[in-house]
Amino acid sequence: MSAVRYWRETKFRGRLVGVKCRGCGKVFYPPRKVCRICRSKNLSEEKLPERGKIISFTVIRTSPKGFERFEPYAVGLIRLENGVQIISQIADCNPSEVKVGMDVEATFRRIKEDEQTGLIEYGYKFRPLRLESSKISAEPV
Amino acid sequence: MWALRRVAIVGAGCIRVGEHWSKSLGDLFSEAALASIENAHGPSIDAVFVGNMFSGFAIHQEHLGSLLADAVALSGCSAAKVEAACASGGVAMHHGFMAVASGMADFVLVGGAEKMTDTSVPETLHALMMAENREYTASSGITFTGLNALVARLYMEKFGATHEEIASFAVNGHRNAVNNEFAQFRSAITVEQVMKSALVADPLRVLDCCGIGDGAAAVVLCPLDRAREVCDTPVEVVASSVATNVLSLCERDDLLSFDATRRASGRSFHAANLSPKDVDVLEVHDAFTIVGVLSLEALGFAAEGEGARFAASGGIALDGAIPTNTFGGLKARGHPVGATGVYQIVELFWQLTGRAGKNQVDGAWIGLAQNVGGVDSTSAVHILRRVDS
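Taken in sequence, the protein lines are chains A and B.
According to the working numbering, the residues represented by the first sequence are 1 to 141, in order.
According to the working numbering, the residues represented by the second sequence are 142 to 530, in order.
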């Protein structure tokens, strides 16, 4: 991945920022320029919730280039608290512990290192929700 | 819309899918293309469309239209690569159809070719993820198999289908490939073998998944009213449709509905004035067993949630309600990604002209091929009909 592209996408991929349609209220991730539902071009950036539920998952045992050192690792389809769905690696637990319906939270992690440029890519992964953090985020966001 | 010309297939050819270490992309394409042109008694070709997914990544070669037209001594004609991930071949066929139907070209060569064994397996898995939203989805480390695994788990949870029922799709493909000399895997397998094979991306196992292989296939199209000049047994392309869905799987409201396939098949059935019950032989895009199941449902051959049980109860067998993937499908014939959609057309051409050997479906008159890119992000649906002699 080029350094320029990484820089361009850092806010969205590193901080879980999507866009919200000001016409119909639908939130999108990744960000886009026109609403898929009402075709409004009036969209503004929207920070996504950092918590959600696993609605499906897999365990990758044959990985793509750059992910070999994580094998085997769980990847979940997660529905965030606002309904937006994302696909993320599930960190900080044994893949065999991952279950459908599990509550998870976002965590900022190293994704991979580019062999050629040495660029280290950071971004989100999700992990099982921790009790202490659930107390903290009981406050309105 | 202005009147379209009726389109026919007048020649077909392909090579065996497999690990062709000694052959380049140009070699693969040339063998299939020359076979199809010879089969059509060498008409003068006006245009070439080549389905290919990732030559730029795999062999650092693009500009395949000019390159491959030249490779088969057709320099001078119109030519272009058509790319739509694993649906590249089916979409190339659609472009060939449009060229002939519109009157812009008379004889068109539609080919598909993919060189998949010049790259390592991790590189190929990386390349296949180009079918999804590259950075936002791939940074999770998920593979293309993994995306389909998410869908398989959802399907089993929602409809109570068993993995064994879903696995019957692979068993059917392997059984049919035994008699196909162009197939990559010509050995029969059992449901038990699928269930005992190694996990690749839970719950999907090795034998749920197509392999990696090189391949090329080609057909020659022309106006139906000129087909008899070059072919005794032409087959009419009665409908050709392509549709898309929201590209990223996770951005869809219903991950179990193959809406691109629903739209493309709806348009094709409407254009041909036919319905699923009229189809005698079916080619579906079973890159993974679960994709075959969901395709049956989206095409209207099984009700929602019933595809796995329908397949497991023999509905897709050669003697079943709808003989499916009679040359092995993606699982056993093989899935050289950008070529697959053209293999399906070649195989239907053979079924509809009585050249399917031991797997011939008696009285096959109408065939349907469905070729998917991504997890049904693009779908090409063609309906072919035997021409009365």
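Any given hint could turn out to be false.
As the list claims (entries may be wrong) - PhoX-like mimics (lysine-lysine), calculated; alpha carbons at most 20 Å apart, straight line:
#1 B:K299 x A:K53
#2 A:K99 x B:K499
#3 A:K41 x A:K26
Said to hold, decoys possible - So the derived list for chain A, only partly shown, Cβ under 10 Å to chain B, looks like this:
#4 K11
#5 V84
#6 Q116
No wet-lab data here; the hints were simulated from the structure.
Just so you know, these numbers come straight off a predicted model, no measurement behind them.
All C-beta atoms, glycine included, are put in the ideal place defined by N, C-alpha and C.
*Is the straight-line distance between the alpha-carbon of K99 of chain A and that of K499 of chain B 20 Å or less?*
violated (46 Å)
*Given the hinted pair K41 of chain A and K26 of chain A, is their alpha-carbon gap at most 20 Å?*
Between K41 of chain A and K26 of chain A the Cα gap is close to 12 Å, so the pair holds against 20 Å.
*Given K11 of chain A as an interface hint, is the shortest Cβ-Cβ distance to chain B below 10 Å?*
Nearest chain B Cβ about 13 Å off; hint violated.
*Could you check if V84 of chain A really has its C-beta closer than 10 Å to a C-beta on chain B?*
V84 of chain A check passes; min Cβ-Cβ to chain B is 9 Å, inside 10 Å.
_Interface hint outcome for Q116 of chain A [beta carbon to chain B under 10 Å]_ = violated (13 Å)
_For K299 of chain B and K53 of chain A, compute the direct alpha-carbon distance and say whether it is at most 20 Å._
Since the Cα atoms of K299 of chain B and K53 of chain A sit roughly 17 Å apart, the hinted pair holds (cutoff 20 Å).
In this structure, the earlier hints numbered 2, 4, 6 are contradicted, and the remaining ones agree with it.
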